[in-house]
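Given chain A's structure and the hints, the job is docking chain B onto it.
Chains as they are written, first to last, in our numbering: chain A, 1 to 110; chain B, 1 to 264.
No wet-lab data here; the hints were simulated from the structure.
Among the hints, erroneous ones may be present.
[Claimed, not checked] Listed next, the in silico PhoX-like pairs over lysine-lysine satisfying Cα-Cα at most 25 Å (straight line):
(1) B:K143 with B:K37
(2) B:K137 with B:K233
(3) B:K233 with A:K74
(4) A:K78 with B:K37
(5) B:K143 with A:K78
(6) A:K23 with B:K233
(7) B:K137 with A:K48
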Amino acid sequence: MAHEDSSLSPQERHAAHVKKIWKVAGILAIATIIEFVFAFTLPIEDFKFLRIWIFILLTIVKAFYIVAEFMHLKGEVKSLMWSVLLPMIFIVWLLVAMLVEGATIFDIRF
Amino acid sequence: MANESTVQTSSTTALNPNQTGSIWGGGESPMKAEYGKLMMWFFLLSDALTFSAFLIAYGVARYSYPAYEGAAADFVYNPDAYWPIPEKVYNAIPFFHGLDAPLIFVGLMTFILILSSVTMVLAVEAGNTDALDPDTKQAEVQKWMLWTIFGGIIFLSCQAWEWAHFIEGTEQFMTGITADTFFGANLTQNQYGPPLFAAFFFFITGFHGMHVLSGVVLNIILFYNTVMGTYRKRGHYLMVEKIGLYWHFVDLVWVFVFTFFYLV
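Bound conformation, chain A alone (with noise of 0.2 Å):
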């Protein structure tokens, strides 16, 4: 935690980590709801793709926060930070590809 302000004592520090890890919490919460009241309010038949969005955008928000504060990436070497998020292109890579793959099945078949 080197990258924090020296002249605090250990113990505001710690107040100060405890109070962020709450406020993370918080922030993981409220985003489930508005996963929530969206899922309930947008009907399906209507919104079908903005539906799909929303929830991905805020999946993605909420993984950031998991990663950044909880698993404290952002806190480590930039080195490990990247090499660990890097490997994540593939993903993208395989996600982009099998869907095209997906909708290909679909127009064969139906």
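Below, chain B alone, put in the same frame as chain A:
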């Protein structure tokens, strides 16, 4: 490449770490993380690839079947016509038979898992801080570990109920029930949608549940060691941080499973 010359010198004097100019020259940890923690990160990376493969495969399967196009209120189960919509499949909560409560129970499970992740990070923080004396520190880690284990067990129990309900089946949203109507689900047949639908449910939530179960076992070992004073004698609570990473990852995976399996 400002320090090219120092890097070159370091390759000739690599045996003496004190004379190297590069942090990669040896003698120190370039990533400033302990070996076990680093390996935990890379294990989680590989695990993330596995879970992504599962979820993406689900995406392909769902994409290659017709989607239900009508209004949610008119939905009926029809395994041959379309992929079912999750808010009608996962609409049950314990003790309220026949009530249509879409996604309420899954939402509750999500909250429980997020909360147990919060208590875990509080345990990690208590173990890492230098603001507490050894007695308070041990007591704090014990307290938060116990809450984490509690949350994990509640989550697993909820999932057991969810599986039981899914396998057993329901008469809701079914039309034309006859003597040989198939209720519930197994790996080859299910009442909700195409056979793949139930197979993915079992594999994805089962694989995640297996991770939660392992996490609870690890947390119990962690709690035992904390109570026995193992980490106190060792002088650091790094093991709590490492297992904590795993536990947060399990929560992270659930966030994705929740979105792509239950919401979308």
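Going down the list of hints, with the structure as the test:
At most 25 Å may separate the alpha-carbon atoms for a hinted pair to count; K143 of chain B and K37 of chain B meet this at roughly 23 Å. For the hint linking K137 of chain B to K233 of chain B, the alpha-carbon distance of about 12 Å falls within 25 Å, and the restraint holds. With a CA separation close to 30 Å, the supplied pair K233 of chain B and K74 of chain A exceeds the 25 Å bound. With a C-alpha separation of about 15 Å, the suggested pairing of K78 of chain A with K37 of chain B holds against the 25 Å cut-off.
Of the supplied pair hints, the one linking K143 of chain B and K78 of chain A is violated, its CA atoms being roughly 33 Å apart against a limit of 25 Å. As the CA atoms of K23 of chain A and K233 of chain B are separated by approximately 33 Å, the hinted pair breaks the 25 Å bound. Pair hint K137 of chain B plus K48 of chain A does not hold up; C-alpha atoms about 50 Å apart against a cutoff of 25 Å.
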